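Peer 1: Take a look at the letters that make up each chain.
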Amino acid sequence: MSHAWTLTLFRLRLAMRNRAFLIFGIIIPLAFLFLFCAVFARGGGPAVAYVLASVLAMSVMGSFWGLSQQLVMFRESGILRRFRLAPLGPGTMLISSIFSNLILMVPGIAAEIAVARWMLHMDRVGNLLSVFVLSGLGAVTFATLGLVVASVANSMMETQVINQLLWLSFILLSGVAIPLPSLPGWLQEVALFLPATYLVTGLERALILKVPLSQLGAELASLGGSALLAFFVCQQIFRWEPEEKVPRQAKLWVAAALIPFLLLGVWESSRGGRLAEARSILRNTFNERPAQRDASPPR
Amino acid sequence: MSEAIVQVRDLTKRYGDVEALRGVSFEIAEGEVFGLLGPNGAGKTSTIEILEGMRRADGGTARVSGLDPQTGGAAFKRSVGAVLQSTSLPDKLRVDESLTLFAKLYGARVDRGALLRRFGLEEKRHAFYGKLSGGQKQRLAIALALVHEPRVVFLDEPTAGLDPQIRREIYDIIEELRREKKTVLLTTHYIEEAERLCDRVAIIDHGNLIALGTPRELKQRSAGTTRIEVALSKPMDTGDLRSLEGVTDCRDVDGRTVLHSTRPPQTIVALVKHLENSNNELQSLEIAAPSLEDVFIELTGRRLRE
Chain C
1 MSHAWTLTLF
11 RLRLAMRNRA
21 FLIFGIIIPL
31 AFLFLFCAVF
41 ARGGGPAVAY
51 VLASVLAMSV
61 MGSFWGLSQQ
71 LVMFRESGIL
81 RRFRLAPLGP
91 GTMLISSIFS
101 NLILMVPGIA
111 AEIAVARWML
121 HMDRVGNLLS
131 VFVLSGLGAV
141 TFATLGLVVA
151 SVANSMMETQ
161 VINQLLWLSF
171 ILLSGVAIPL
181 PSLPGWLQEV
191 ALFLPATYLV
201 TGLERALILK
211 VPLSQLGAEL
221 ASLGGSALLA
231 FFVCQQIFRW
241 EPEEKVPRQA
251 KLWVAAALIP
261 FLLLGVWESS
271 RGGRLAEARS
281 ILRNTFNERP
291 AQRDASPPR
Chain Z
1001 MSEAIVQVRD
1011 LTKRYGDVEA
1021 LRGVSFEIAE
1031 GEVFGLLGPN
1041 GAGKTSTIEI
1051 LEGMRRADGG
1061 TARVSGLDPQ
1071 TGGAAFKRSV
1081 GAVLQSTSLP
1091 DKLRVDESLT
1101 LFAKLYGARV
1111 DRGALLRRFG
1121 LEEKRHAFYG
1131 KLSGGQKQRL
1141 AIALALVHEP
1151 RVVFLDEPTA
1161 GLDPQIRREI
1171 YDIIEELRRE
1181 KKTVLLTTHY
1191 IEEAERLCDR
1201 VAIIDHGNLI
1211 ALGTPRELKQ
1221 RSAGTTRIEV
1231 ALSKPMDTGD
1241 LRSLEGVTDC
1251 RDVDGRTVLH
1261 STRPPQTIVA
1271 LVKHLENSNN
1281 ELQSLEIAAP
1291 SLEDVFIELT
1301 GRRLRE
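Each protein sequence line maps, in turn, to chains C and Z.
Heads up, the first sequence is in our numbering, so the first residue is 1 and it goes up one at a time.
Heads up, the second sequence is in our numbering, so the first residue is 1001 and it goes up one at a time.
Everything labelled a hint here was simulated from the structure, so no lab data went into it.
From a predicted model like this one, the values you see are computed outputs, not experimental measurements.
Incorrect hints may appear among the rest.
Taking lysine-lysine pairs in the DSBU-like style, the calculated list, with each CA pair at most 30 Å apart, reads [said to hold, decoys possible]:
id: 1; chain 1: Z; residue 1: Lys1124; chain 2: Z; residue 2: Lys1137
id: 2; chain 1: Z; residue 1: Lys1219; chain 2: Z; residue 2: Lys1181
id: 3; chain 1: Z; residue 1: Lys1092; chain 2: C; residue 2: Lys245
id: 4; chain 1: Z; residue 1: Lys1104; chain 2: Z; residue 2: Lys1219
id: 5; chain 1: Z; residue 1: Lys1131; chain 2: Z; residue 2: Lys1181
id: 6; chain 1: Z; residue 1: Lys1137; chain 2: C; residue 2: Lys245
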């Protein structure tokens, strides 16, 4: 564990020296928050909390991009080879990526909440413990999924293609860019199979309905289960060398990692409660808005 | 020779259709500087990377400090230090930070100042890795390989691509390692490096170990002969030249003709006469004592850096 901590500090130091961390971790999410609030939540109120949930989810899911690209870059430039000589295994490398990402995400999340509360006049702060735990667990989950992508992809180009596909599906289907209830019925059902949906709906519930951790079991189980499974998979398929190919058996592990999402999706779909609650949150949030505010939901 | 600290037996390695190693065997004694000399693609890097635990052999056995590189775990990794042929560090990592980082990973206490002084990096201690020159990066790579005081040091083409001045600096570092009684295995395709630095040299070609011995022993294959290298205006049958006075061997190498002679003056006179009779011209002529390059040419008919 001490090696993981040593590497975590090393990664934190590198990140603090990288302007991309400031730009993508703090400035861009805040810009999105201001932009969305200016369009959909002028004058503050509960709509700010709704927009904040989407922006927080987007920031958390951003872990996915950064870590997958960093791992592939480290592998392609031979940095991983150098670390391979030291007495540490793939698990240590992966844990340090996830830890450092989690730590780096905290200031961004705190800044977004503070800006929403004090600059954009959000009328509620929700259950902050739930918000931070969901954000943290979400960051771990999406970071781990990013590491799976990096372990499967053979080049930076391939990583970017896979990331784009997954990112777009997460953003468009989970309720980040388009409110879940605004999607066609069959797409709402599809969204229930994505871990991103549980992050977004969980953050909406925590921020708007002040739902405590004890009532976020499905969200925590979904994100936690995904993180554990994805971590196990990326440990199995981790590659130190660019020329090492992913064994066919490893690709089966990736396929196996999707099984819990299928089961959870089937369960949520048959229960129907999540989609109904998402509709209720959207309706109530925008009905509660003061008269001078625009009534159209965020898109 | 003291007990072997590196043992390699019948090592084989294949990449698809390419047989990179075809049963290589050798041993390295503790404190010895051992060179693997051969052209690009000969199997040097495959051999050293199997010994570093970076690659898995298809057949044969490898032991370093009595440990299998694949199963030796942390004990194996702590007993070896390595400079890889292609490796890197993050551009935004400072020189002194990289030493501290790797020392911590090995659980070693390191006197950073002493290490930086030893490798001439004191002035660059706060410099980012990305701002270092090629020579400084290589010196840092060697410093990192030694940060945990390993018993065995692997250097894979440590001077490849470096200018002569930096190369000499690296030679000095390797000679210092010899004085410290470190066991060093280095791969190279530079003859002078192998001759100057290595106690023993294994010549490797097409995955086969074709000669093994001290540089002096190897050169004795060509003992008593002088190397005469000539460029001719027209190609000539080497069979005819072999019959010239004093010639023991004659080969075409890279468009030049290399003769080995026990009586150089007589050979040169006979050569000039022969060229006149054949309506050929001598464009250049070089005479030298035989080197490991000649041994390689004798064994393979090719130059090392073809």
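Peer 1: Run every hint past the structure and note whether it holds.
Peer 2: Going down the list of hints, with the structure as the test:
1. The suggested pairing of Lys1124/Z with Lys1137/Z holds, with an alpha-carbon distance near 11 Å, which does not exceed 30 Å.
2. A distance of roughly 25 Å separates the Cα atoms of Lys1219/Z and Lys1181/Z; the hinted pair therefore holds under the 30 Å criterion.
3. With a C-alpha separation of about 29 Å, the suggested pairing of Lys1092/Z with Lys245/C holds against the 30 Å cut-off.
4. Between Lys1104/Z and Lys1219/Z the CA atoms are separated by roughly 45 Å; this puts the pair beyond 30 Å, and the hint is violated.
5. Between Lys1131/Z and Lys1181/Z the alpha-carbon distance is near 33 Å, which puts this suggested pair outside the 30 Å criterion.
6. For the given pair, Lys1137/Z sits about 29 Å from Lys245/C by alpha-carbon distance, which is consistent with the 30 Å threshold.
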